[in-house]
Amino acid sequence: MTASIDMVLIVDLVLLTLLCLTALAIMLVRHLFAVVALTGAFSLLSAGLLVTLDAVDVAFTEAAVGAGISTVLMLGTLALTKRREARSPKLSPIGLIIIFFTGATLIYATPDMPKFGAADSPGLVHIVPSYIEGSENDIAVPNIVTAILASYRGYDTLGEVAVIFTAGMGVIILLGRRREDEYGYSEESAAFPLHPETSDDEEGKDKS
Amino acid sequence: MRVVSKMLIPFILLFGLYVQFHGDFGPGGGFQAGVIFAAAFILYALVFGDDQARKVVPDKALILLVPLGLLIYALTGFAGILLGGKFLDYDVLSSDPTHGQHLGILVIELGVGITVAAVMISIFRAYAGRTKAIDKEDW
Amino acid sequence: MVDALISHYNYWLIIILMMLGLYVVVSRGNLVKKIVGLNIFQTSVFLLYISLGKVSGGTAPILTGKPEAFSNPLPHVLILTAIVVGIATTALGLALVVRIRESYGTIEEDDILISERSQDASDINGSSA
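Residue numbers (the working numbering), protein chains in the order written: chain A, 97 to 304; chain B, 24 to 162; chain C, 1109 to 1237.
Everything labelled a hint here was simulated from the structure, so no lab data went into it.
It is possible that part of the hints are untrue.
To be verified - Derived pair list, reagent style DMTMM-like, types lysine to aspartate or glutamate, alpha-carbon separation capped at 20 Å:
| hint | chain 1 | residue 1 | chain 2 | residue 2 |
| --- | --- | --- | --- | --- |
| 1 | A | K178 | A | D102 |
| 2 | B | K109 | A | D252 |
| 3 | B | K109 | A | D234 |
| 4 | A | K178 | C | E1216 |
| 5 | A | K186 | C | D1218 |
| 6 | C | K1142 | C | D1228 |
| 7 | C | K1174 | B | D47 |
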């Protein structure tokens, strides 16, 4: 028993240290492409950490979303904006004060938190055994996370799909309506037509 | 690159389908499958060009798929009401409650997967539609 | 005692990660870097939640027919939702950054403030004339 928690703890601490180093590098590097690559590495390391913490579904999603989609989106943004941070990083006193106080408050609260790996933590003993049992008997689905996500907490998942839908609509509205060619002349993308009465003069005024 | 990705993309799509429908038995489910699906199409668009990708998955189809998943999810919830139970109650969807639960979970995971995939592809396309050529000194 | 210290050290490292992310958001002027810092902060919060749910000697919450201890699956569900919502808001934030760049020509916060103030000044001059 002690051997298993030591191994998990050691891997945990090593991965967390690597994550901290990556975050430090992200803070200091100015070339934004390198920052995006480091963000991908950060996501991958945290996916590895999540696997050691027995969260396989979450690790799957984090690896796919963080190291995949997020990197592609940031690269797309960089292709449309600048590629270097303009000012060299300097120490910001207000930032240091904020993080010092926030960090101190959080660390002050940690002794009250359950020990890492505790089997009697309050979040575990009240409703989760009934979910596990129900997942085995009533729903008969082996993946407990899917059972909770889709059945016991299905309403929350509905709200989440609505959030994804709204964010997608927002991005399409913000970005999806114009195609620029090299002369800067914008024309409508055929699938998302703006008001049909928009004249060319108005578009020229928007561009200037 | 083109040859390799032409060989890879069907496997990625197949893996996405596997993750979607085996979400009950192993890690997986709607979100992961949707993202993997989108990754396959994004790879296609990156390698073969945005215009080609627009021919394969037209914009109009995409904009129809985005709310379709949400609609499937909500309609499953309402089907629960119509069949006598509460909103999003899966027990009443079939004669055997356990079977009803399986059916409900399958259908809503499908809805989730469709919306997530369509939204991710649309977001990527919105970015790609605006990109102009990158000057050498901007690197 | 040392055991307790080591196990709480795990939480301290995650809090340090959180603070690094928060510092990037507060202190850097580049908008893309702010969003990256926000991502770091988000991911570290997820790690905190999941490490709270870990049960030592337990395993991934998938039923296999053998009776064993499972790690708490409830945080997994919440964090799954949170990850996907996080990517949605990141995409929206990055889209806003692109539009800001097209409007102001820059994505540095200081330059945007300068341009806003000069625009306000010229508006006041223009309206008073």
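Are there hints from earlier that the structure breaks, and if so, what are their numbers? 1, 6
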